[in-house]
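Student: Spelled out from the first residue to the last, the chains are:
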Amino acid sequence: MSPVLLAEQILNGLQSGVMLFLMAAGLTLIFGVMGLVNLAHGSLFMVGAFAAAAVAGATGSFLLALVAALAAAAGAGAIVEVLVIRRLYARDHLDQVLATFALILIFSEGTRWLFGSFPLYLDIPPWLAGTVMLPGGIEYPAYRLALIAVGLVVAAGLWWLNARTRLGIQIRAGENDREMIAALGVDIGRLYTLVFAIGAALAGLAGALVGPIQSVQVGMGEPVLILAFVVIVIGGIGSIKGALVGGLLVGLTDTLGRLVLPELFALITDASGAATLGSAFASMAIYILMAGVLIWRPTGLFGARA
Amino acid sequence: MIREPYVNAALLAALLIVPGWAVWVDEPFTITLATRAVIFALAAVGLNIALGLGGLVSLGHAVFFGIGGYAMGVLASHAQSYTPLYDGAFTIEGTKSMPVIWLVAALASGLAAWLIGALSLRTSGVYFIMITLAFGQMAYFFAISWPAYGGEDGLSIYVRNGFPGLNTLDPIQFYGLCLGWLCLALWGYARLRRSPFGLALDAARQVPGRVRAVGLDPRRLQLVALVISGAVTGLAGALFADLNRFVSPSMLSWQMSGEIMVFVILGGVARLCGPVAGAVFYVLMEHWLGGISEYWQIYLGLVLLAVVLFGRGGLIGLICGRGRPDA
Chain A
1 MSPVLLAEQI LNGLQSGVML FLMAAGLTLI FGVMGLVNLA HGSLFMVGAF AAAAVAGATG
61 SFLLALVAAL AAAAGAGAIV EVLVIRRLYA RDHLDQVLAT FALILIFSEG TRWLFGSFPL
121 YLDIPPWLAG TVMLPGGIEY PAYRLALIAV GLVVAAGLWW LNARTRLGIQ IRAGENDREM
181 IAALGVDIGR LYTLVFAIGA ALAGLAGALV GPIQSVQVGM GEPVLILAFV VIVIGGIGSI
241 KGALVGGLLV GLTDTLGRLV LPELFALITD ASGAATLGSA FASMAIYILM AGVLIWRPTG
301 LFGARA
Chain B
1 MIREPYVNAA LLAALLIVPG WAVWVDEPFT ITLATRAVIF ALAAVGLNIA LGLGGLVSLG
61 HAVFFGIGGY AMGVLASHAQ SYTPLYDGAF TIEGTKSMPV IWLVAALASG LAAWLIGALS
121 LRTSGVYFIM ITLAFGQMAY FFAISWPAYG GEDGLSIYVR NGFPGLNTLD PIQFYGLCLG
181 WLCLALWGYA RLRRSPFGLA LDAARQVPGR VRAVGLDPRR LQLVALVISG AVTGLAGALF
241 ADLNRFVSPS MLSWQMSGEI MVFVILGGVA RLCGPVAGAV FYVLMEHWLG GISEYWQIYL
301 GLVLLAVVLF GRGGLIGLIC GRGRPDA
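Keeping their order, the protein sequence lines are chains A and B.
Residue numbering for the first sequence follows our numbering, beginning at 1 and increasing consecutively.
Residue numbering for the second sequence follows our numbering, beginning at 1 and increasing consecutively.
Among these hints, one or two may not hold up.
Said to hold, decoys possible - Not the full set, but computed from the structure, chain A residues with beta-carbon under 7 Å of chain B:
no.	residue
1	Leu94
2	Leu98
3	Ile106
4	Trp113
5	Gly116
6	Ala173
Calculated from the structure, these hints are not laboratory results.
Ideal Cβ placement from N, Cα and C applies to all residues, glycine included.
Build the full structure now, drawing on both the sequences and the hints.
Tutor: Right, dumping it as C-alpha cells:
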C-alpha cells in the first residue's frame, strides 16, 4: 500500500463522510427539535438527486440543478410535513416508523412512475472536471475535493445558524421546551415546518451533489439513510457536532476498512481467503464501530446523558 | 363492536376453509398465496412478542427471518451435494429433514437475538430502533459479500425438505404444517401473555422503575422476550425459504424488517391475531393491487398512512374498538 493510495483513500473517506453529514444533520435536527424518527429522509435525498438530474438534463447548468434540488427537496419536505408529519409529533415512535415507511413507498413508486425504472445520469460540471495536483504528488478529482469543501462550508453555516441567529435560538429553545417558546409567541407550527424543510433541503443537496458520482435511481436513498442512522447513533442524537464527527468517522472507517482489512487478513490466511474475509468484514466495519461506541457510550459521543 | 375472540375465530376459520376450498376447485396458486400469508403471520407473531408485549420497536427482525432461511439453505444444500458441513474432529452432515432444520433455525436465530439484544438493549427508544436496523444491515451486507453460500445470488435447493409421514411437495400438506406452526405460536403467545413472565414483561414496558423496585431486571426480561421473538421469526424464515426453495440476502434486507413490522401494526399491536390479520391483508393487497397497477406500492403506502393516521389499533382495533387490548 503506497502512501499516495492511502492519502487518496483518506480523501475519499472525508468526501463520503461530509455527504453523510449533510444527511445526518437534517435527521438529527428533525429528531432533536420535533422528536420524530423520519425514515423518509432518504426519499428526500432521492428527490434532490432526481430534480437535479432533470434540470441539468433540460438546461445543462449544474448550478441551476443544485438550486432545483434544494427547492424540490425543501418543497416536498414542507408539503409532507403539513399533510402528514405534523400529525405524528404526539404519537409514539412506532407510529412514526410505520407512517414514514409508508411515505417511502409512496415517494419511491411515485418517482418510478414519473421517471421510469432506468437510472438517470448527472454529469460533473466541466469547470470541476479533471483532477487537481495536491502537495505530495497526489492527483485527486476536483469534483470530490469540491464536495468536501461544500460539506465543510455547510457545517460552518449550520453552526452559525444554530449559534448566532434568531432562528437558531428558537430551534434550540424548541429542543428544550416547546410549550414555553409557544407561550413566548413563537408560531411553533411554522417553526416545525421550517426546520423540517431545512432538513429536507440538506438531504436534497446531498442527493444532488452525490448524483454525478453514482447513478440517480429509485431506492438510492435508503442505503444512505441507514448509514445516516449509524452516524447519528455514533454522534449522539440531536447533536449537529456529533453528526459531523460521526459522519467523518463512518466515512473514514468504511473506505479505509475496505483498503486495510484485506491486507490485514493477508497476514494470517492465503490471498484469496484474505480478499473474501476482508471484503466481508469491511462491509460490516461501520456497524462494528457503532457497536463499540454504544458499549462505551450508550447515548453516542455527543448525546445528552440519559 | 364485535368481541375480539369472535374475530380471531373467524380469521382462523377462514385460514382453514379457503385452502380447503382451493383444493376442492383445484386452485394450487391460492394455496401458495395462503401459505405465504400464514408464514408471514408466523414471523409477525414472533415480532409481536417483542413489539407488543415487550414494547421493543425492533426494525431488524429480518435478521432472524433471514438466519432461519439460511439455516434451511445451508443444511439442505450440503445434503443435496453430499458434502459435510464440518469435517474435522467430528463430522456434521447437512440434512433434508424439516424438524432438524426447524430446530437449527430457531436456535441460530435465538442466539443471534441474544447477541443483538445484549448490545441493543443497553439503549432504548429511538436508539434501539436505529441500532436494530443497523445490525440488520450488517447481516445483510455480510450475506452479500460472503461467497460460500451464493453471496448476492442466494441459494436454491431442488426439492422441498421432508417431514416424516407427510408429502411436503403437495401444497396443501405443506400448508397444513405452516398453519400448525402458526396455531402453536398463537397458543404460545396467549399463554406467554398470561404467564408471570408475560405480566412482568408487560410491567417492564409500562413502568420499568417499579419493576426494578420489586427486584426484577427489566432488561433481562426484555432480552428473554427478544430471544423468544427472534426464534419464532427464525422458524418462519426456515418455512419461507422452504416454500420458495430459495434463500437470498433479500430475506435479510431492511425492507423485509419493515414489512414484518407493517404486518403487526396493520393488524393491531399486542393483539393475539393482529399479526395474522395484518399479514393476510398485506398478501391480499399485494396480490390484488399488483394485478391492477404496476405501481401498486403507492396504494399500499396510502392505505398504511390511513391506518396510522386515522385507524389507531390496526384492523382488529377497527373491528373491536380500543387502541390496545390492554390499554
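Student: Hint validation: tryptophan 113 (chain A) versus chain B, beta carbon distance must be below 7 Å. Holds or violated?
Tutor: 5 Å, holds
Student: For the restraint on glycine 116 (chain A), tell me whether the closest CB of chain B is nearer than 7 Å.
Tutor: 11 Å, violated
Student: Given a cut of 7 Å on the nearest C-beta pair, is the interface hint for alanine 173 (chain A) held or broken against chain B?
Tutor: 21 Å, violated
Student: Restraint: leucine 94 (chain A) near chain B, CB-CB cut 7 Å. Satisfied or not?
Tutor: Hint on leucine 94 (chain A): holds, closest Cβ of chain B at ~5 Å, below 7 Å.
Student: Given isoleucine 106 (chain A) as an interface hint, is its Cβ closer than 7 Å to any Cβ of chain B?
Tutor: 4 Å, holds
Student: Is the interface hint for leucine 98 (chain A) satisfied, with its Cβ closer than 7 Å to some Cβ of chain B?
Tutor: 5 Å, holds
Violation of the numbered hints given earlier is confined to hints 5, 6; the remaining hints are satisfied by the structure.
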